[in-house]
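Asks: Sequence:
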Amino acid sequence: MATSMLQVSEGRSPVVSVILADPESSLRSTIFASREGLAVAHKVDDAFPQQAVKVVINLDAIAPGDFVVRSFIAGSRRKLEILAMDANGDGLRQLLAMTRQDRRMYVDLKGIEFASGDTMINLPDAVVVATFKGK
Numbered sequence: 008m009a010t011s012m013l014q015v016s017e018g019r020s021p022v023v024s025v026i027l028a029d030p031e032s033s034l035r036s037t038i039f040a041s042r043e044g045l046a047v048a049h050k051v052d053d054a055f056p057q058q059a060v061k062v063v064i065n066l067d068a069i070a071p072g073d074f075v076v077r078s079f080i081a082g083s084r085r086k087l088e089i090l091a092m093d094a095n096g097d098g099l100r101q102l103l104a105m106t107r108q109d110r111r112m113y114v115d116l117k118g119i120e121f122a123s124g125d126t127m128i129n130l131p132d133a134v135v136v137a138t139f140k141g142k
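Throughout, the working numbering is defined as the position within the sequence shown, counted from one, plus 7.
These are computed hints drawn from the structure, not numbers from a lab. Since we're looking at a predicted model, the values are computed, not measured. Among these hints, one or two may not hold up.
What the hints assert, rightly or not - Result set (DSSO-like, lysine-lysine): computed pairs, CA atoms no more than 30 Å apart in a straight line:
| hint | residue 1 | residue 2 |
| --- | --- | --- |
| 1 | Lys140 | Lys61 |
| 2 | Lys117 | Lys50 |
| 3 | Lys140 | Lys50 |
| 4 | Lys140 | Lys117 |
| 5 | Lys50 | Lys61 |
| 6 | Lys117 | Lys61 |
As the list claims (entries may be wrong) - Between beta-carbon pairs, the in silico distance windows are:
| hint | residue 1 | residue 2 | range |
| --- | --- | --- | --- |
| 7 | Arg107 | Ala68 | 34 to 40 Å |
| 8 | Ser123 | Gln57 | 19 to 25 Å |
| 9 | Ser33 | Lys61 | 33 to 39 Å |
| 10 | Val135 | Gln57 | 27 to 33 Å |
We put the CB at the ideal spot given by N, CA and C, even for glycine.
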């Protein structure tokens, strides 16, 4: 799993390790950013058989409304895990607006959990930073 949320004001490391897929479980995930230039993913080769990346987040570029999230599905559990967002929470409001159609079960500053299902939460208005490779 990825580390906890980064906010600009916390001054934490801008590098987050993320598992994109695990062949021993049903975990699949995609990293999204609200716009280009916020995050770059670098493949982690020694994570085999899992697919993993290190996501470098440009904290200096985060503006109001920005976010970097990991959308994942594990079994039927679906969630958006917040990796980084603006310090005042506009990024969370942006995510809530983007996922208005999906049934949300729980929302906090770490992420949004959705009703069980068989599809990953997709953010078509966001930029894909990294995604799992299909089978």
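Asks: Checking against the hints above, which ones are violated?
Replies: 7, 9 and 10
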